[in-house]
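Undergrad: What follows is the residue order along each chain.
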Amino acid sequence: MTARLLIVTGAGGVGKTTISATLGAAAAYAGERVLVITVDPARRLADAFGLTPARTNDPVEVALPIGGKGSLSVAMIDARHAWDMLVTQLAPDETTRQRVLNNRLYDTVTERFALSHDYVAFARVIELADDATYDLVVVDTAPATNALDSFDSPRRMREFFGSRLARWLVVPAGAAKPFALLAGRLLGGSFIADLAEFFTLVGGLETGLREHSEDVECMLGSPRCQLIIVSTPEAGPVSQSLALRAHLDARQMNLRAIVVNRALPPELLDPAFTQTAVAMTDDTDPVIREVGRAGLLLRDRARLQHDHVALLPEPKACVQLRAGGVSGLDDLCEMGQPLLGLCTRFEGS
Amino acid sequence: MLVVTGKGGVGKTTVAVALATAAASRGRRVLVCETDRSGALAQACGVPRLRYDATPVPGGFSALTIDTESSLAEYVKRYLRIPWVGRIGPVARALDFVAVAAPGVREVLTIGKPCFEVRSKKWDLVIVDAPATGHVVALLDAPRAIQQLTPAGPLASQTGWISDILAQTGAVIVTTPEELPVTETLELLQSLARRTAVTVDAVIVNRLAPEPFTRRDLERFDDLRRSAQPPGVEQVFHAAGLLVAIRRIALTELSRLPVSPPRLVVPEFVGTDSASVVHEVTAAIVADT
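Going line by line, the protein sequences match chains X and R. In this text, residue positions in the first sequence follow the working numbering: the first is 1, and each later residue adds one. In this text, residue positions in the second sequence follow the working numbering: the first is 1001, and each later residue adds one.
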């Protein structure tokens, strides 16, 4: 693998997709060959880039604003399609492949097992980052999953498909009997029979899946793969980011930085700002008084944000709130300026 | 029964607790149920932790937290009369595993608990602090999913009375005046109408920033801003302009919401502890109803 990887994670609603797009756009503008990859079914990445392409498993190149020195591609992964590819890759023979793909429960399991979405994204990253086409690959993790679970997905996939529980279903004996009995009484015998068949079939993929998931795990832990935690300057996301960071440390994964999205401008905290605003609240003009009060209100909010952000350890970077919203690549390239340092060469590349 | 849902991080739990406090203050017997075991409900209620059985909390109502394991144990004890309930732990974990392949199993065990509380007639109002938009439809659609999956299974025969309660259930969608929460609210309104019998009673817009200026002030604001100002004053004008822009974006997002169901707006509160925020939100909701 030659490309550097940045995996973007964080609590729900903080703007992971926007930050992924921002990192990608800014690095591409500065001269890197970049791929941004997502499994987000809501096509938010396409929206962030101002694109309306059909779902694409293969990278599509996006035109950079004038003056851009590198290149930018986007891949939006269809989890279901990626699963089919994975089964095809791992099945020992054509019969097994066909039987897995045609099983009644295959659709449900692949669609509902949210962890598998991150897993297939990581799996695709291994393929795409393997050649020398890209300098940097930015991975936007799925919005629905718990960020903590997403990095456990290789292990959880192994557990799920190689599980003793699966064997319990296939051959209920001994300690498994009460389970099979209860499951049967709850759900009916025919459902359990279908499920047993599914796991028998998937059992044929187990060896391949074990090796494959170990490759994914190895990639996630390697020094060329670094993580970005996205937060906002509010209490909830900040405490979630701290929990996530502790978890990543415990797993010895490489944290590149915490990116605080939608931060208020730092000038608000300047004592001179308060001084001027307070003086304005005594002005003879009522509108000026009101402007002073509005300034102080925003300053209060900035102070509260500052206290929350202070809890986050270094390294961290802030992306400022944009009053006009984010539209198109120009905005993304500009917003990404403070983040450029995070995209440049890091250890192991 | 009232289901409170919305995108993650918009303040669902705070609104659920505020609604409970408001109803309790009018003499209703109220129960709030947490469905995701996040512990957020305990925090908003001001207690260290909640249990699977209803516990009275300081707001004058009761609260509980649902976990599928206890729910399964209760179900097994009540309906299947299987004696080895003491060993439910590993079996529940195994069922959790089966639930991945069986849509509706985990959900029906989760929604079954508040429905059971409704049926017990111990409460005038049961509020469900439901999971985020992405999962709530699966929760409310669980009885039908079970019927489809295992029409002959014993669990399926138990879903009838749950469906009856869900048909009389109301929902409140909490959103903030931002792009993604509003988009998810619109999507949720559609899928709730299409796939469930639940009626959406209101959309609660949480954390709307205050309007800093009147329209006439704003005209003068632009004039004053254009006239020469010392750099410090210009910065304050810039900040006030940012506040106006934030409010304008919020209003644009709100205008995307439909006229019906009715909208209830809760202003933004800068508070440091959850008790004071719940207090303010309760006051805002009571004032508006």
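Keep in mind that the hints were calculated from the coordinates and are not lab data. Some hints could be false.
[Unchecked claim] Computed Cβ-Cβ distance ranges for the label pairs, DEER-style:
(1) X:Pro338 x R:Ser1255: 48 to 54 Å
(2) R:Ser1255 x X:Gln320: 21 to 27 Å
(3) R:Pro1267 x X:Thr281: 18 to 24 Å
(4) R:Ser1025 x X:Thr281: 35 to 41 Å
(5) R:Glu1234 x X:His247: 42 to 48 Å
(6) R:Pro1267 x X:Asp283: 33 to 39 Å
Cβ coordinates follow ideal geometry from the N, Cα and C atoms, glycine included.
Undergrad: So which hints don't hold here, by number, going up?
TA: 1, 6
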